[in-house]
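Asker: Sequence:
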Amino acid sequence: DRFGAYVRNAEGTDEPEKLIAPPRTGSVVPLAWSPDGKYILYFEQSGSNARLMAVPLFGARQPFIVADQCAGQAAISPNGKWVAYDAPLAGNLQVMVTSFPGRRGRWQVSTKGAVSAGWSQNGKEVLYVGRDSTLYSSRVEEHAGAFRVSNEAALFRFNPAGTTQTFRIAPKGERILLNT
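Residue numbers (this note's numbering): 128 to 307.
Read the hints as simulated data drawn from the structure, not as lab findings. Some hints could be false.
Said to hold, decoys possible - In silico lysine-lysine, DSS-like type, Cα no more than 30 angstroms apart, as pairs:
1. Lys299 / Lys208
2. Lys165 / Lys251
3. Lys145 / Lys208
Unchecked claim - Computed Cβ-Cβ distance ranges for the label pairs, DEER-style:
4. Ala159 / Gln196: 12 to 20 angstroms
5. Pro205 / Val134: 35 to 43 angstroms
6. Ala187 / Lys208: 35 to 43 angstroms
7. Arg284 / Val134: 35 to 43 angstroms
8. Thr152 / Leu282: 36 to 44 angstroms
9. Gly272 / Asn249: 18 to 26 angstroms
10. Gln235 / Phe130: 27 to 35 angstroms
11. Pro205 / Phe185: 15 to 23 angstroms
12. Arg284 / Arg135: 36 to 44 angstroms
13. Thr152 / Lys239: 31 to 39 angstroms
14. Ser154 / Phe285: 27 to 35 angstroms
Every residue gets a Cβ at the ideal spot worked out from N, C-alpha and C, and that includes glycine.
Make the full structure from the sequences, and use the hints.
Answerer: Written as structure tokens, this is what we have:
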């Protein structure tokens, strides 16, 4: 069967290797590599179930749940310890963070409804697009294994094209690429 997520070397000299099979009545969408290259984060949809999953690229390669509910977008922090993702919460999509690879806690980052979570290059900010089409930034920090969120700030308004991959941050963080 041809559906699922595959990996192959960048030169294309090997055969694609299937890493993730979709649920019988659903689909999978690969989202990100972990910074150390040891995990692949993906979105899995089956009927009304939508969750965030990961598969290790070592050992038995047994997929595991990162978040029980996900709206289809997620990003791993630059240090590989956290995942920011979009999730339904009290009737709105919000940006949440959980520890990675083990999920020990869940923290709400956005406050007014948001999608398209992304990390600053230094991992000290989570950026996201609010329901009002404003790009927001929240300062974040890890302290004693817990995650702290502070200083939500509106950066600027723009006209995002849909709700997927609406922005990307330049490698040095000095510019933002917008999809409008």
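Asker: Look at each hint and say if it fits the structure.
Answerer: Structure-based check of all given hints:
no. : hint                                : verdict
1   : Lys299 / Lys208                     : holds (20 angstroms)
2   : Lys165 / Lys251                     : holds (22 angstroms)
3   : Lys145 / Lys208                     : holds (26 angstroms)
4   : Ala159 / Gln196: 12 to 20 angstroms : holds (18 angstroms)
5   : Pro205 / Val134: 35 to 43 angstroms : violated (22 angstroms)
6   : Ala187 / Lys208: 35 to 43 angstroms : violated (23 angstroms)
7   : Arg284 / Val134: 35 to 43 angstroms : holds (38 angstroms)
8   : Thr152 / Leu282: 36 to 44 angstroms : holds (40 angstroms)
9   : Gly272 / Asn249: 18 to 26 angstroms : holds (20 angstroms)
10  : Gln235 / Phe130: 27 to 35 angstroms : holds (34 angstroms)
11  : Pro205 / Phe185: 15 to 23 angstroms : holds (21 angstroms)
12  : Arg284 / Arg135: 36 to 44 angstroms : holds (41 angstroms)
13  : Thr152 / Lys239: 31 to 39 angstroms : holds (34 angstroms)
14  : Ser154 / Phe285: 27 to 35 angstroms : holds (29 angstroms)
In summary, the structure is inconsistent with hints 5 and 6 from the numbered list given earlier, while agreeing with the others.
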